[in-house]
Amino acid sequence: MTTQDSALELAEPSKVKWRQYAVTAGRIALVVLLLAAWKIGADRAGPIYVADPWQVAQRIYADTLSGVLLHHIYETLRVSAIGFVIGCFFGVALPFVLRRLPRLTAAIEPYIMASVGVPKYALVPLFILWFGIDDAPKLWLVGLLVFYPVFIAVFAGIRNVDRRLVNMARVAGASESQISREVIWNSLVAFFIASLKIALPRAVSATIIGEFLVGNAGLGYMIEYARQNFDSNGVFAGIVVATALVLVINAILVQIDKRVNAWRPTERDMQI
Amino acid sequence: MASLGHSQASPVAAQSGFVSVLRNRGDQFLVLVLLLGIWQALSLWLGTYWIGSPLGVVVRLYDGVVKGAILHHASFTFSEAVLGFVIGAIPAVLLPFLLRRLPIATAILDPFMVGGYGAPKLALAPLFILWFGIGIESKIALVAITVFFIVYFSALAGVRSLDAKLVQMAQVAGANERDVARHIVFPGAVPYVFTGFRIAMPYSIGGAVVAEIISSNRGLGYLVQLSAMNFDTIGVFTALIAVTIIVFICNGAVDIAERRLLRWRPAGDIKNQASN
Amino acid sequence: MSAQPLLEVRDLSKRFASREARDSSLWVIQGLNFSVRDGEFLTIVGPSGSGKTTLLNMIAQIDTASGGQVLFKSQSAPINDAKSLNPGLSCQIGYVTQEDNLLPWRTTIQNVLFPLSVQGRLNDETRARAAELIRHVGLAGFENHYPHELSGGMRKRASLIRTLVYDPPVILMDEPFGALDAQTRAVLQEDLLRLWEMGRKTIVFVTHDIGEAIALGDRTLVLSRAPAKVAGEHVINIPRPRDIRGIMTHPEYASLYQRIRAQVQ
Numbered sequence: 001m002t003t004q005d006s007a008l009e010l011a012e013p014s015k016v017k018w019r020q021y022a023v024t025a026g027r028i029a030l031v032v033l034l035l036a037a038w039k040i041g042a043d044r045a046g047p048i049y050v051a052d053p054w055q056v057a058q059r060i061y062a063d064t065l066s067g068v069l070l071h072h073i074y075e076t077l078r079v080s081a082i083g084f085v086i087g088c089f090f091g092v093a094l095p096f097v098l099r100r101l102p103r104l105t106a107a108i109e110p111y112i113m114a115s116v117g118v119p120k121y122a123l124v125p126l127f128i129l130w131f132g133i134d135d136a137p138k139l140w141l142v143g144l145l146v147f148y149p150v151f152i153a154v155f156a157g158i159r160n161v162d163r164r165l166v167n168m169a170r171v172a173g174a175s176e177s178q179i180s181r182e183v184i185w186n187s188l189v190a191f192f193i194a195s196l197k198i199a200l201p202r203a204v205s206a207t208i209i210g211e212f213l214v215g216n217a218g219l220g221y222m223i224e225y226a227r228q229n230f231d232s233n234g235v236f237a238g239i240v241v242a243t244a245l246v247l248v249i250n251a252i253l254v255q256i257d258k259r260v261n262a263w264r265p266t267e268r269d270m271q272i
Numbered sequence: 001m002a003s004l005g006h007s008q009a010s011p012v013a014a015q016s017g018f019v020s021v022l023r024n025r026g027d028q029f030l031v032l033v034l035l036l037g038i039w040q041a042l043s044l045w046l047g048t049y050w051i052g053s054p055l056g057v058v059v060r061l062y063d064g065v066v067k068g069a070i071l072h073h074a075s076f077t078f079s080e081a082v083l084g085f086v087i088g089a090i091p092a093v094l095l096p097f098l099l100r101r102l103p104i105a106t107a108i109l110d111p112f113m114v115g116g117y118g119a120p121k122l123a124l125a126p127l128f129i130l131w132f133g134i135g136i137e138s139k140i141a142l143v144a145i146t147v148f149f150i151v152y153f154s155a156l157a158g159v160r161s162l163d164a165k166l167v168q169m170a171q172v173a174g175a176n177e178r179d180v181a182r183h184i185v186f187p188g189a190v191p192y193v194f195t196g197f198r199i200a201m202p203y204s205i206g207g208a209v210v211a212e213i214i215s216s217n218r219g220l221g222y223l224v225q226l227s228a229m230n231f232d233t234i235g236v237f238t239a240l241i242a243v244t245i246i247v248f249i250c251n252g253a254v255d256i257a258e259r260r261l262l263r264w265r266p267a268g269d270i271k272n273q274a275s276n
Numbered sequence: 001m002s003a004q005p006l007l008e009v010r011d012l013s014k015r016f017a018s019r020e021a022r023d024s025s026l027w028v029i030q031g032l033n034f035s036v037r038d039g040e041f042l043t044i045v046g047p048s049g050s051g052k053t054t055l056l057n058m059i060a061q062i063d064t065a066s067g068g069q070v071l072f073k074s075q076s077a078p079i080n081d082a083k084s085l086n087p088g089l090s091c092q093i094g095y096v097t098q099e100d101n102l103l104p105w106r107t108t109i110q111n112v113l114f115p116l117s118v119q120g121r122l123n124d125e126t127r128a129r130a131a132e133l134i135r136h137v138g139l140a141g142f143e144n145h146y147p148h149e150l151s152g153g154m155r156k157r158a159s160l161i162r163t164l165v166y167d168p169p170v171i172l173m174d175e176p177f178g179a180l181d182a183q184t185r186a187v188l189q190e191d192l193l194r195l196w197e198m199g200r201k202t203i204v205f206v207t208h209d210i211g212e213a214i215a216l217g218d219r220t221l222v223l224s225r226a227p228a229k230v231a232g233e234h235v236i237n238i239p240r241p242r243d244i245r246g247i248m249t250h251p252e253y254a255s256l257y258q259r260i261r262a263q264v265q
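These protein sequence lines are chains A, B and C, in that order.
First residue of the first sequence? That's 1 in the working numbering, and the numbers climb one at a time after it.
First residue of the second sequence? That's 1 in the working numbering, and the numbers climb one at a time after it.
First residue of the third sequence? That's 1 in the working numbering, and the numbers climb one at a time after it.
By construction, these hints were calculated from the structure, which means they are not laboratory data.
Be a bit skeptical, because a hint or two may be false.
Claimed, not checked - Counterexamples of contact, computed for chain C against chain B with all Cβ distances above 10 angstroms:
1) Ala60
2) Arg106
3) Ala131
4) Arg162
Claimed, not checked - Simulated pairs of lysine-lysine, BS3-like, Cα-Cα distance not exceeding 30 angstroms:
5) C:Lys73 - B:Lys67
6) C:Lys229 - B:Lys67
7) C:Lys229 - C:Lys83
Here a beta-carbon is modelled for each residue, glycine too, at the ideal position from N, C-alpha and C.
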């Protein structure tokens, strides 16, 4: 009479552990595989196309010691931060201003949506033409790339504020700016923070790519300079550092997000 | 992306429907005229060195299309975007399907995919140019790898969205594994995959253009760069408008394909997935 | 009609493991015994939570049993081991579930033909049968509509004929008319009886509505609360063809209703 129970039975703890070990082992194996593939690629394809992983590691180490790497990282982060702040500022401020001008908003909305279709990176040569070859064109690029997601998130957030709360506040005698501050801001702060999770890494990426095109400092500049000199060690080193930088920033944001939103029952971002 | 967000219906706003739509259209037209006017005025005031005039752009655009120069470059950018898109999207869609019965494989891959998604793919542009030269191959590779990670996650969500009740129904009706994959898993995943396509589309064109700006001798990005270096702002604007038109065409194509293939979807069902 | 029952349930049990203690588990069904003859319309009533759906799931082999047997044509079905489950017992057992489970991306006619197409039995004859059934339940003209364009009642009807069209010898039905309004329900009950009388399939029909059980069935089983057993068996002596709308006026109805009602506590 003893038979197996249905799937609703508690999974045996040992089975779950085994699976976790298998997954971790698989991941380690995959990392080893990728590194091996890299090494083989380096041996086969020669020093020009594929830099040797060990040499890349040494190069990163050397550049760190000499301070070159930190200099470029600093430059990239500096420009990203400024651009990020500018983009955020307008991305938040503009929807609040537009909220008071519904007719204007309705009139310009299609053009704003149309401007989303323009690839911002394509504007960089124009920015260089207009603003020179210092920080300015990169700041414009980063500012725009940060502006759009933040603006859209805040704008949609404002639009979706519960009207009943707004009416309640009005009846209670709140002024428009008080309503903005109390009801609207609190309603959309979650959307805003979610958009930051996208915008901040994007700011850093955008800066790096902007540095491909203009400037004489930063990780992007480092990579592009190496490429033009057929210095594959430098190219690989730069890409490794740039990728690591963005991934670290991502990870930090995810952690912050978890802490800050720990109390929220819903609003969980899916890891997608 | 039809609009920035939908306001909740308010009794006051619903009143004069037709009139307010008409007024809205009028406003938008007015804004258009105003923008063009400002553009033209700035062009006259600052000179075409800084801002090419709208008329000049129209003429150059017409010229470029008729004589083929713009179309020539546009075809390169377009084919880079499309080929890269296809090369990136196909494995991205296949992988979740093939690994459907091996959740361990998906779990192992997960951190790598998340890392690949988060990493700046465009930063690989110089590497691909180093490898494949300044021709279209490097751009295709860049677009492909960008599109891959985006579409992978959407396809994964689609495959995971499987409704167990539908699978049971099909099994009782006599379906085997292949039937289930073909008739239940695949159609159910299509809306998610299309969301992924819609998100990846601008990245594919943008990626092609960026790579062209960095190093190329053909394409609209190259045209932008070349015109800028020659202080030819009319050329810059013309190329930019051409790129934007391509973006609209591609978006429209994806929309049309989606509407055709997804006629069965109840309205407002998974539309909101687009806010990934 | 042979004397052997077509479908037999012997000592069937089902338990769900609870999350807290290991041995305090919830027996949903325990020691359930009944049989169904070929061509019989059996109705099963019970209070909610009496595991009616679980029972059907086990008979249809979408779910395993914790004990006991299900026999089809005197052969024991492998329901004790998840891996050897054979849903639908190779299309011998059809199952009309509570939710319509129509494939949203298929039109009505495509949904109705779905089992036939996976079974490889699509031909002129089966297509004609499908078309006739569609007409029979009043879905003519809606063949090319998608599920989201149909009302709840229409979707229910489509899911019903989807099973009927491929003619399995046994059909399980889990409160198929539960979520519908009284009018639509009456119409569909009449449809079902009419179709059943044409083919005389074996039907096991689960419902919480005692009136429905009496109106439709040859025999009604009453399930007790969890752990569910057969609390009673009532032969419905009302002759066929039955008048669904007027069934309550039949002399037998009231006493049947009261007897069954008393047991459903």
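Taking the hints in turn, this is what the structure says about them:
no., hint, in the structure
1, Ala60, "violated (6 angstroms)"
2, Arg106, "violated (7 angstroms)"
3, Ala131, "holds (19 angstroms)"
4, Arg162, "violated (8 angstroms)"
5, C:Lys73 - B:Lys67, "violated (80 angstroms)"
6, C:Lys229 - B:Lys67, "violated (85 angstroms)"
7, C:Lys229 - C:Lys83, "holds (27 angstroms)"
Hint compliance for this structure: hints 1, 2, 4, 5 and 6 are not met, and every other hint is.
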